[in-house]
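Chains as they are written, first to last, in my numbering: chain A, 5 to 314; chain B, 5 to 314.
Hints in this document: simulated from the structure, not taken from any laboratory.
Just so it is clear, CB atoms sit at the ideal spot from N, CA and C, and this is done for glycine as well.
Careful, some of the hints might be misleading.
Unchecked claim - Now the stretches of chain B that chain A is said to cover, found in silico as 3 or more residues with beta-carbon under 8 Å: (1) 80–87; (2) 101–114; (3) 195–209; (4) 229–236; (5) 275–286.
Claimed, not checked - Beta-carbon label-pair distances, calculated as ranges: (6) A:176 to B:213: 31 to 39 Å; (7) B:103 to A:96: 36 to 44 Å; (8) B:193 to A:70: 22 to 30 Å; (9) A:64 to B:193: 48 to 56 Å; (10) B:191 to A:285: 53 to 61 Å.
Protein chains: 2
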Amino acid sequence: MCSPALIEQVKKRISRRNALAALGGAASVASAGCLPAAVSSKKSASPKNTAKPAPKKKRWSSKPVEQVSFSRVVDLSHTLHPDFPAWFSEGEEVTTRGNRTFVPPAVVEVKPVFEWEPDKVNLNQITYWEHVGTHMDAPSHFSEGSTVDEIPVEDLVLPLVVIDIKARAAKDSLALLNIEDVRSWEDEHGPIPERACVAMNSGWAKHVGKPKYKSLDANGKHRQPAFHIDAVEYLMEEREVIALGVDTFSFDNQHSPESDVHYRWLGDERWGLENLNNLDDVPTKGATIVVGQPSIKGASGGPNRTMALV
Amino acid sequence: MCSPALIEQVKKRISRRNALAALGGAASVASAGCLPAAVSSKKSASPKNTAKPAPKKKRWSSKPVEQVSFSRVVDLSHTLHPDFPAWFSEGEEVTTRGNRTFVPPAVVEVKPVFEWEPDKVNLNQITYWEHVGTHMDAPSHFSEGSTVDEIPVEDLVLPLVVIDIKARAAKDSLALLNIEDVRSWEDEHGPIPERACVAMNSGWAKHVGKPKYKSLDANGKHRQPAFHIDAVEYLMEEREVIALGVDTFSFDNQHSPESDVHYRWLGDERWGLENLNNLDDVPTKGATIVVGQPSIKGASGGPNRTMALV
Numbered sequence: 005m006c007s008p009a010l011i012e013q014v015k016k017r018i019s020r021r022n023a024l025a026a027l028g029g030a031a032s033v034a035s036a037g038c039l040p041a042a043v044s045s046k047k048s049a050s051p052k053n054t055a056k057p058a059p060k061k062k063r064w065s066s067k068p069v070e071q072v073s074f075s076r077v078v079d080l081s082h083t084l085h086p087d088f089p090a091w092f093s094e095g096e097e098v099t100t101r102g103n104r105t106f107v108p109p110a111v112v113e114v115k116p117v118f119e120w121e122p123d124k125v126n127l128n129q130i131t132y133w134e135h136v137g138t139h140m141d142a143p144s145h146f147s148e149g150s151t152v153d154e155i156p157v158e159d160l161v162l163p164l165v166v167i168d169i170k171a172r173a174a175k176d177s178l179a180l181l182n183i184e185d186v187r188s189w190e191d192e193h194g195p196i197p198e199r200a201c202v203a204m205n206s207g208w209a210k211h212v213g214k215p216k217y218k219s220l221d222a223n224g225k226h227r228q229p230a231f232h233i234d235a236v237e238y239l240m241e242e243r244e245v246i247a248l249g250v251d252t253f254s255f256d257n258q259h260s261p262e263s264d265v266h267y268r269w270l271g272d273e274r275w276g277l278e279n280l281n282n283l284d285d286v287p288t289k290g291a292t293i294v295v296g297q298p299s300i301k302g303a304s305g306g307p308n309r310t311m312a313l314v
Numbered sequence: 005m006c007s008p009a010l011i012e013q014v015k016k017r018i019s020r021r022n023a024l025a026a027l028g029g030a031a032s033v034a035s036a037g038c039l040p041a042a043v044s045s046k047k048s049a050s051p052k053n054t055a056k057p058a059p060k061k062k063r064w065s066s067k068p069v070e071q072v073s074f075s076r077v078v079d080l081s082h083t084l085h086p087d088f089p090a091w092f093s094e095g096e097e098v099t100t101r102g103n104r105t106f107v108p109p110a111v112v113e114v115k116p117v118f119e120w121e122p123d124k125v126n127l128n129q130i131t132y133w134e135h136v137g138t139h140m141d142a143p144s145h146f147s148e149g150s151t152v153d154e155i156p157v158e159d160l161v162l163p164l165v166v167i168d169i170k171a172r173a174a175k176d177s178l179a180l181l182n183i184e185d186v187r188s189w190e191d192e193h194g195p196i197p198e199r200a201c202v203a204m205n206s207g208w209a210k211h212v213g214k215p216k217y218k219s220l221d222a223n224g225k226h227r228q229p230a231f232h233i234d235a236v237e238y239l240m241e242e243r244e245v246i247a248l249g250v251d252t253f254s255f256d257n258q259h260s261p262e263s264d265v266h267y268r269w270l271g272d273e274r275w276g277l278e279n280l281n282n283l284d285d286v287p288t289k290g291a292t293i294v295v296g297q298p299s300i301k302g303a304s305g306g307p308n309r310t311m312a313l314v
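So here's chain A without its partners, still in its complex pose:
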């Protein structure tokens, strides 16, 4: 039996594959989440492989939020400092799909300008590459879509769903939050609410500051839990989810080395949060996430203060 819904789903999958293919050979040499050192190829570097991007969708609802009540605030952000673990290591050489090479700076530089002694004022110059610490990936990080400043504040306050995969992640650093996890959550709690942020709790936040956070394999590649593309497509196509969240530094891992989740999700004018903290302190359903994302014109994401109102 092939139900119309199933046929529709297959069509969409094909459409997704075409969309990824349109990125050119590039996708085949990209790593999950971002671009690791020295993995691009001449083929991928050619701008000729670039398909015309889809017109920007009108994703942002600017809808009034549902009536919300809370009596507790939970900090879902880590404190950012120069030793906070990041995708790129300081000084590591990074080659992009465009075959350009860069050397990342410190994760964040907090350089004193005015100092209490002798200036009687403190003021620092802050410098960072955007995708560090607890931060947003705006659509424009992996697409030509919206930048941070184009997302209205109403869309930064969302119902929060936390899906726990800690048990599996404890045994497998490359564990994926898959479609069965979502369905199992829905069996217990009902459909994922509209306009939700769906966050993966893999238990990874407690590893920050330890080698386990990166869990490097023999080739020096990161191993962290992430989202399965099928779960992500379900959240896009069958539910109206606005944001993803992970307590690791990427939505993708070695199971999706072509950054499928990033390209699909951000390319569809949705956004996400990486390096979330304290997901154990919020209920699986019923909290409201508030993303205090500084509105910097043209930003593709960046550090923020994310909270849960419970």
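Take the given structure of chain A and dock chain B to it, following the hints.
Just chain B, lined up with the frame of chain A:
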């Protein structure tokens, strides 16, 4: 008649003057809010004038918030971009109380690193001096007190009181929110709630991008509405207010050229917000302010996303 309360108040005022005097001659050459170009003196530059700072207070309550309900979110932040008006102009020479000279960079630099063409990813390097755009002044900006990362998230979600001085500010760019404004507000609405953020609405936000925002005088000095030190001391001493807010870029103006408000308020382990936006869109009482302040270790403040839940 001298009531015990009045005697107490006079004692505190004397104590404040002593505290400011302890900053040394420095205070007499400081300008409101921050340090303008070329105004320091040899005398002020001497670290010998420095008094031992008071031990850091335990200001942060980390208290559960009161039960709060809302159904609307208002963006109280401006979008930050290189032309956003700031205390310092790019390239202007700034001499501090410590007699050191600096040349401020652009208000914010958004420098593309990875670009969609050819990299198929966007990522920028962001650089700024902390006190730009809609931002927090942490206690450490004008004291040896807490940095941004030391303020718990519970203290970033507060009852919001908005006091309107637009009528007076329209006639006088140096208008002050004074103690009579606070008392008049209280006559109508009752005592300022505990743990509140008290924000001045001078109507200045709508001038962003126009010369009126800085309202430079004949000597090239800014003219903007600000807080009167007496109102500020009332909010500290008679009420338990945690944060100040202004829709201009400083709590002080030419009426408090020694930065009295900054030194008193931040020096007492309180914090504040500058360059607030959209205060006309929130009620004078009953909203909750949420300060999405990225937690950067050691930061003396910095750009954030501030919202009101109504």
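Which hints, by number, does the structure contradict?
As far as the earlier hints go, 3, 4, 5, 6, 9 and 10 are violated by this structure, in ascending order.
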